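Chemist: These are the residues of each chain, in order.
Protein chains: 2
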Amino acid sequence: MPKLLIVSRDAKAYRQLIEQANLPGLEIATDPTECDIVLGEPRGIRDLLPRLTRLKWIQSVYAGVEYLVKPGHRRDYILTNARGVFGDLMSEYVFGYLLTHEKKIFERFRSQQARHWDRTESGLLRGKTLGLLGVGSIGSHMARTAKHFNMKVWGFTRASEDSQDVDVYFHPPELLKFASGLDYLVCVLPRTEGTNRIVNADLLDALPPHAVLINVGRGNAVDDSALVEALTQGKLAAAVLDVTDPEPLPAEHPFWTTPNLFLTFHTSAKSYAEDITKIFIENYYLYLAGKPLKHQVDFERGY
Amino acid sequence: MPKLLIVSRDAKAYRQLIEQANLPGLEIATDPTECDIVLGEPRGIRDLLPRLTRLKWIQSVYAGVEYLVKPGHRRDYILTNARGVFGDLMSEYVFGYLLTHEKKIFERFRSQQARHWDRTESGLLRGKTLGLLGVGSIGSHMARTAKHFNMKVWGFTRASEDSQDVDVYFHPPELLKFASGLDYLVCVLPRTEGTNRIVNADLLDALPPHAVLINVGRGNAVDDSALVEALTQGKLAAAVLDVTDPEPLPAEHPFWTTPNLFLTFHTSAKSYAEDITKIFIENYYLYLAGKPLKHQVDFERGY
Numbered sequence: 001m002p003k004l005l006i007v008s009r010d011a012k013a014y015r016q017l018i019e020q021a022n023l024p025g026l027e028i029a030t031d032p033t034e035c036d037i038v039l040g041e042p043r044g045i046r047d048l049l050p051r052l053t054r055l056k057w058i059q060s061v062y063a064g065v066e067y068l069v070k071p072g073h074r075r076d077y078i079l080t081n082a083r084g085v086f087g088d089l090m091s092e093y094v095f096g097y098l099l100t101h102e103k104k105i106f107e108r109f110r111s112q113q114a115r116h117w118d119r120t121e122s123g124l125l126r127g128k129t130l131g132l133l134g135v136g137s138i139g140s141h142m143a144r145t146a147k148h149f150n151m152k153v154w155g156f157t158r159a160s161e162d163s164q165d166v167d168v169y170f171h172p173p174e175l176l177k178f179a180s181g182l183d184y185l186v187c188v189l190p191r192t193e194g195t196n197r198i199v200n201a202d203l204l205d206a207l208p209p210h211a212v213l214i215n216v217g218r219g220n221a222v223d224d225s226a227l228v229e230a231l232t233q234g235k236l237a238a239a240v241l242d243v244t245d246p247e248p249l250p251a252e253h254p255f256w257t258t259p260n261l262f263l264t265f266h267t268s269a270k271s272y273a274e275d276i277t278k279i280f281i282e283n284y285y286l287y288l289a290g291k292p293l294k295h296q297v298d299f300e301r302g303y
Numbered sequence: 001m002p003k004l005l006i007v008s009r010d011a012k013a014y015r016q017l018i019e020q021a022n023l024p025g026l027e028i029a030t031d032p033t034e035c036d037i038v039l040g041e042p043r044g045i046r047d048l049l050p051r052l053t054r055l056k057w058i059q060s061v062y063a064g065v066e067y068l069v070k071p072g073h074r075r076d077y078i079l080t081n082a083r084g085v086f087g088d089l090m091s092e093y094v095f096g097y098l099l100t101h102e103k104k105i106f107e108r109f110r111s112q113q114a115r116h117w118d119r120t121e122s123g124l125l126r127g128k129t130l131g132l133l134g135v136g137s138i139g140s141h142m143a144r145t146a147k148h149f150n151m152k153v154w155g156f157t158r159a160s161e162d163s164q165d166v167d168v169y170f171h172p173p174e175l176l177k178f179a180s181g182l183d184y185l186v187c188v189l190p191r192t193e194g195t196n197r198i199v200n201a202d203l204l205d206a207l208p209p210h211a212v213l214i215n216v217g218r219g220n221a222v223d224d225s226a227l228v229e230a231l232t233q234g235k236l237a238a239a240v241l242d243v244t245d246p247e248p249l250p251a252e253h254p255f256w257t258t259p260n261l262f263l264t265f266h267t268s269a270k271s272y273a274e275d276i277t278k279i280f281i282e283n284y285y286l287y288l289a290g291k292p293l294k295h296q297v298d299f300e301r302g303y
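For the record, the sequence lines run as chains G and C. Residue numbers for the first sequence follow the working numbering, so the first one is 1 and each next one is one higher. Residue numbers for the second sequence follow the working numbering, so the first one is 1 and each next one is one higher.
Hints listed in this document are in silico derivations from the structure and should not be mistaken for laboratory results. Any given hint could be a false lead.
Where chains are identical, the list cannot tell them apart; a pair therefore holds if satisfied intra-copy or between any two copies.
Calculated pairs, PhoX-like style, for lysine-lysine (alpha carbon to alpha carbon, straight line, at most 20 Å) [stated by the list, open to error]:
| no. | residue 1 | residue 2 |
| --- | --- | --- |
| 1 | Lys12 | Lys152 |
| 2 | Lys3 | Lys128 |
| 3 | Lys278 | Lys291 |
| 4 | Lys278 | Lys3 |
| 5 | Lys270 | Lys104 |
| 6 | Lys278 | Lys294 |
| 7 | Lys56 | Lys12 |
| 8 | Lys147 | Lys128 |
| 9 | Lys104 | Lys291 |
| 10 | Lys128 | Lys270 |
| 11 | Lys177 | Lys3 |
| 12 | Lys128 | Lys291 |
| 13 | Lys104 | Lys278 |
| 14 | Lys235 | Lys177 |
| 15 | Lys12 | Lys278 |
| 16 | Lys70 | Lys3 |
| 17 | Lys128 | Lys12 |
| 18 | Lys235 | Lys3 |
| 19 | Lys104 | Lys12 |
| 20 | Lys128 | Lys56 |
Computed from a prediction, not measured in an experiment: that's the story for all the values here.
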């Protein structure tokens, strides 16, 4: 009989939702050595790996599973992550910042504080070009939102070209060409060896000076010093970083005070227990039936 | 032969676009007494009304035509306004502020300034209820954007129920019931006798305390003192006013410093000459053919 271990800050909510679902044969247990299934946050699960002697399947509640796919960790189980549930949350976040920039929301507030009737013209998303660095399910959702706002969408991707809302796809040798045509660059990359410092001085130089960078992927993708320099020298209009390396950012890190750099402390998309439990339930029935699970992580690829 | 007078701050752009369109028989002229057609901003045209002796048709470049429909002014011509071109602009503005509120964009920036790694949870548009006070072409566009973000949409309207994206319609006797169920109230009303101070103390009391008011219609719709009181007493989370009465706002007006009140100085939607010229061209062909023009204003109704 399958036994489930829940390793999460939201354990109570997950337990309640899973109990309500009355999944056939499933028992929720607390002893790691008894459990074949684990649901939870990758970091907490990683610490338990040596004790999970009956482990068959881990369902991560996050998209990012870097804590579990590091070289040296065991790979003798199926790892599935959370996909398809962050797109709308991430779109809300990204378009919040795109619109804040175009509508000059901070500038208007400063004008108000100075009692200045500020008729400066606002900008438009309409007609602008959004570049997606990484076009998985999150990027595809952003592409759809961009189309709602009549933007052009460019996608930079290694392989996937599934989104109907991406106007032009670019591939690895064309990174700088891709960057040079953008108004907005949104980085949605997972943490892998291949994504380290992909947003480096060359890429930042290639972006037009009015462009805005948003990173909602992982902090390893950005070369911190190059970004500080680009913003300080006005080579870039602004950067919004939901993710940094490390997190939390040390008090002395230059990002705190870099001009036109906005930090949001990894709050862009929360894992809602209701959303994740749906994925778990669907996968549980596949697991029972001995069928391939959805959203399987490739340990080599890292996502 | 039709003669067109252009009365606009963007006269040069309009002249160029209209000349490019090569409209049959149309001459652009400068003497008001010669012209049967006028294109431009209502306020400037109003000052010329007595001299427009051959006037047949005025195409306003704005949606709001209050300067032309005031009692006492002549009504012996066809007045058409700009419609169907502000929806996407207004949606960008409104959703910029909705998302700024949900994503706590100002609060995050203050946390950054204090070097505080602020993990406070952000809110979501998903599942929230947007109320539209006025559901014309602008309101309908906002309803569509709200649906993209998986919001519920309620509409308060006197007559029109055309939008497929409005989940529930409310009518005049139900104003407070409408208000009491909202997370966001967006006012898109034109300036008429009937819209004066519709957002009064009763309406503000009916809104839940976490609600946010956005006014992109006309400033006459809001009872200023009631709004200042509601915000000061925390009966309302925030208000964003693109329009005020009067504009510009006098330096001593309390709005400048009311807590959680954001002013944007009537910048939410510009009339782009490219957009308005398309309306003018379509109407010009109808005018030539002696057919009813599009977007005719009802002088009695005022919009």
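Chemist: Give a verdict on every hint.
Modeler: We went through each hint and held it up to the structure:
| no. | hint | result |
| --- | --- | --- |
| 1 | Lys12 to Lys152 | neither (43 Å within a copy, 29 Å between copies) |
| 2 | Lys3 to Lys128 | neither (51 Å within a copy, 37 Å between copies) |
| 3 | Lys278 to Lys291 | within (17 Å within a copy, 57 Å between copies) |
| 4 | Lys278 to Lys3 | within (18 Å within a copy, 66 Å between copies) |
| 5 | Lys270 to Lys104 | between (27 Å within a copy, 14 Å between copies) |
| 6 | Lys278 to Lys294 | within (12 Å within a copy, 49 Å between copies) |
| 7 | Lys56 to Lys12 | neither (23 Å within a copy, 71 Å between copies) |
| 8 | Lys147 to Lys128 | within (10 Å within a copy, 22 Å between copies) |
| 9 | Lys104 to Lys291 | neither (51 Å within a copy, 43 Å between copies) |
| 10 | Lys128 to Lys270 | between (28 Å within a copy, 17 Å between copies) |
| 11 | Lys177 to Lys3 | neither (51 Å within a copy, 49 Å between copies) |
| 12 | Lys128 to Lys291 | neither (44 Å within a copy, 37 Å between copies) |
| 13 | Lys104 to Lys278 | neither (39 Å within a copy, 28 Å between copies) |
| 14 | Lys235 to Lys177 | within (17 Å within a copy, 52 Å between copies) |
| 15 | Lys12 to Lys278 | within (16 Å within a copy, 58 Å between copies) |
| 16 | Lys70 to Lys3 | neither (26 Å within a copy, 75 Å between copies) |
| 17 | Lys128 to Lys12 | neither (44 Å within a copy, 25 Å between copies) |
| 18 | Lys235 to Lys3 | neither (54 Å within a copy, 49 Å between copies) |
| 19 | Lys104 to Lys12 | neither (42 Å within a copy, 27 Å between copies) |
| 20 | Lys128 to Lys56 | neither (47 Å within a copy, 39 Å between copies) |
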